[in-house]
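2 protein chains.
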Amino acid sequence: MKPKHPTTGARLRVVLGPGIALGPGKADLLEAIAETGSISAAGRQLKMSYRRAWLLVEELNGSFQSTLVAAGKGGAHGGGARLTDLGARVLKHFRSMERKTHKAIAADLGALTSYTRSQK
Amino acid sequence: MKPKHPTTGARLRVVLGPGIALGPGKADLLEAIAETGSISAAGRQLKMSYRRAWLLVEELNGSFQSTLVAAGKGGAHGGGARLTDLGARVLKHFRSMERKTHKAIAADLGALTSYTRSQK
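In order, the protein sequence lines correspond to chains A and B. Counted from 1, the first sequence has number 34 at position 35 by numbering that gives the first Met the number 0; the numbering is strictly sequential. Counted from 1, the second sequence has number 109 at position 110 by numbering that gives the first Met the number 0; the numbering is strictly sequential.
Just so you know, nobody snuck in bad clues.
Copies of the same chain look alike in the list, so a pair counts if it works inside one copy or between any two.
Cut-off 25 angstroms, straight-line C-alpha distance, at most; resulting in silico cross-link-like pairs (SDA-like, lysine to any residue): (1) K99 <-> G22; (2) K25 <-> K102; (3) K99 <-> L59; (4) K102 <-> R10; (5) K91 <-> T7.
Keep in mind the hints are simulated off the structure, nothing from the lab.
This is chain A alone, in the form it adopts within the complex (with noise of 0.2 angstroms):
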């Protein structure tokens, strides 16, 4: 996988309801778990404990009218796991959100950027 969060740029999180926040961390551990098919190889990749990308799954699962992530029958470390049609749905609007985010703010991005001690 990418490096999703180079060195400079835009963060974007967003609240959609009370306690239910998407920010760049549940999105790429969707991500990874749409690569890998499973919850601990996912947390693996992002240098994340189990218990932490557990709980970010199940937080999200509980925020949404639906599951967004689906465990496999051999229970949570075995069976695998893998995105829900709503899960991918969720996961493409937030990078969706992201590109947008990035290209309309580009020219203040540079303009700030260029005001930096770094770049005197």
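Following the hints, put chain B in place on chain A, whose structure we already have.
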């Protein structure tokens, strides 16, 4: 001052260089300093300790090519504070980026929100 962060919506944070980040918290602080003419009054308005407000101002001042907040002659506590031209310009760019972000992601955000449990 009107509340800047509604219960739902987007939060934008930009990283302009190594250790140079700008988000809603610092932007609100700059705005409150412009409005109140004082770092301590700005901190109170944002329910932030004076120490924290001062540290954020020092961080901002050290990150750009010149200071964003100028403290008056009376010293840190007594002489008041104001935004420099660069401070006003940085704040304006950040607010512009927030507005453009909100506009760019409105459709995706509406779709995502409609998938949440609170919308069932």
